[in-house]
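Going line by line, the protein sequences match chains A and B.
Start counting at 1 in the first sequence, then tack on 54, and there's your number in the working numbering.
Start counting at 1 in the second sequence, then tack on 54, and there's your number in the working numbering.
Hint data in this document are derived by calculation from the structure and do not stem from the laboratory.
Only a predicted model underlies this, so the values are computations on that prediction, with no experimental measurement involved.
Where a beta carbon is used, it is the ideal one built from N, C-alpha and C, also for glycine.
Heads up, some of the hints might be wrong.
[Unchecked claim] Computed cross-link-like contacts, DSSO-like style, restricted to lysine-lysine with a CA-CA straight-line distance of at most 30 angstroms:
| id | chain 1 | residue 1 | chain 2 | residue 2 |
| --- | --- | --- | --- | --- |
| 1 | B | Lys85 | A | Lys199 |
| 2 | A | Lys225 | B | Lys280 |
| 3 | A | Lys225 | A | Lys85 |
| 4 | B | Lys225 | A | Lys218 |
| 5 | A | Lys273 | A | Lys292 |
| 6 | A | Lys66 | B | Lys109 |
| 7 | B | Lys97 | B | Lys218 |
| 8 | A | Lys225 | A | Lys202 |
| 9 | B | Lys280 | B | Lys109 |
| 10 | B | Lys225 | A | Lys202 |
| 11 | B | Lys218 | A | Lys303 |
[Said to hold, decoys possible] Part of the chain A face toward chain B, derived, beta carbon under 7 angstroms:
| id | residue |
| --- | --- |
| 12 | Gly147 |
| 13 | Pro149 |
| 14 | Ile175 |
| 15 | Gly177 |
| 16 | Phe224 |
| 17 | Ala227 |
| 18 | Cys232 |
| 19 | Gly234 |
In case you want the letters, here they are:
There are 2 protein chains.
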Amino acid sequence: MDIEFLRNIGRKIYKEVSKSKPQFNINALGKGASGDMTFPIDKMAEDIIIESFEKEGFNLNIIAEERGSKIVHGSNKTLIIDPIDGSKNAISGIPFFSTSIAIAEGNTLNSLNIGYIINLINGDEFYAERNRGAFLNGQKIGVQKEEKPVIVAFEASNPHIALKEILPMFKIASRVRCYGSTALDLAYLSMGALSIFITPTPSRIFDFSAGILIAKESKAFITNIKGENIDELPIDFKTRTTLLVCRDKELSYLALELLNKA
Amino acid sequence: MDIEFLRNIGRKIYKEVSKSKPQFNINALGKGASGDMTFPIDKMAEDIIIESFEKEGFNLNIIAEERGSKIVHGSNKTLIIDPIDGSKNAISGIPFFSTSIAIAEGNTLNSLNIGYIINLINGDEFYAERNRGAFLNGQKIGVQKEEKPVIVAFEASNPHIALKEILPMFKIASRVRCYGSTALDLAYLSMGALSIFITPTPSRIFDFSAGILIAKESKAFITNIKGENIDELPIDFKTRTTLLVCRDKELSYLALELLNKA
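Please model the complete structure; the sequences and the hints are all you need to start from.
This is the structure we're talking about:
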């Protein structure tokens, strides 16, 4: 399978979402494997993805937000899916959410081979293959230039504790953002619209995998919030990590220095 | 003039924006009256608004982000325009920005009579007339119900100082957001997608006027961050105020109590 296969899936979901807006005050269907509630939009998107792979006869391990994990004996490849990244935006009617799909060819994060994210409001598609660069709608993208003002995006599921922890880092920020979709944060950082993405709340493998590969291929500098490399983390449903993704190594060091003073 | 007149203007801008996406790495045209840089998208939107009013022969005072203020002798009505609210998102390629238009019939904020905001990515239109309720695409809207988890949206142009100031308030937040468009923050709060909007950095009259009327008509509780009523602030290009807009009075009191402990 290739990027075009994923793009066709993404556009199918985009088309479904476009038909049904605005979505708000929708009831949950139940609890998904991740522990979050599953909403009709989550199920619709995950069904489209899984069915598309099954129809083509691809026999892969699966890590999916709603269904959980499925191991296929003898398969080394893993499909990592967040059907709707930014679910809280989606179900409350705020138009900022995406689908995120990644494929890994081994047991650790450095084996991520394909990453694909589609903004489900305007259809913008971000994607990357390992060692082949990152793209937005067919155009090559790269991180922000160093002379630009520092815009820090963050995600936090426990705002008071998380913001207290990262507050000193905002000394280098001229603007702050919190959009509620880790996949899109990483996508927009990769195209140079954001300078730093930080999440002191551990992010889940299906939230960040596609974004991490796209960011890497855009030459972003990626660690956890302690400055540690995350390449060797396992491709596993339970994998979670804090993230500090910066437009370059220098900004990462500066951010870490301020974080350590906290 | 009525809401339909404003909706026609908004849809014209939406159509222009849809044609030209994605907008990024665009150079500024120069500095606007507000002190911010004017970009082609700001100028395009403001031109469409002003020309539409001029063509119809409406003789109004004007407060506009880019052109500044124009006083018409003998006119009591003022048109308050933010052609692109969320310019930083717009020029960096992040699809979350809007046009905001308000009309006041007197000299203070409590004379705001019409408010209109259009999300320029998906075309969602929020609007209100004084004492007639608030609407999204023709459907009546209202603030979030009190049993829902508290989602706090904020804006801040100096993140470190601003976040330090409002940090204690995040104790009541289950989620935080910072989208970069005050008009849309107020619009989404008005439809019940956000619980609190706070800006410790003073917001400018053209950023908040339409949103404030829409929020008021959605039964939101509106003060500055000291808990003071803002109704008597002058309709003037230089008017700025901090804002604390809550889904109800009880949540506002709780937020103020925490802010006072800072």
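Quick rundown of the hints versus the structure:
| no. | hint | result |
| --- | --- | --- |
| 1 | B:Lys85 with A:Lys199 | holds, 22 angstroms |
| 2 | A:Lys225 with B:Lys280 | holds, 25 angstroms |
| 3 | A:Lys225 with A:Lys85 | violated, 39 angstroms |
| 4 | B:Lys225 with A:Lys218 | holds, 11 angstroms |
| 5 | A:Lys273 with A:Lys292 | holds, 27 angstroms |
| 6 | A:Lys66 with B:Lys109 | violated, 43 angstroms |
| 7 | B:Lys97 with B:Lys218 | violated, 35 angstroms |
| 8 | A:Lys225 with A:Lys202 | holds, 16 angstroms |
| 9 | B:Lys280 with B:Lys109 | violated, 42 angstroms |
| 10 | B:Lys225 with A:Lys202 | violated, 33 angstroms |
| 11 | B:Lys218 with A:Lys303 | holds, 27 angstroms |
| 12 | Gly147 | holds, 5 angstroms |
| 13 | Pro149 | holds, 5 angstroms |
| 14 | Ile175 | holds, 6 angstroms |
| 15 | Gly177 | violated, 10 angstroms |
| 16 | Phe224 | holds, 4 angstroms |
| 17 | Ala227 | holds, 5 angstroms |
| 18 | Cys232 | holds, 4 angstroms |
| 19 | Gly234 | holds, 6 angstroms |
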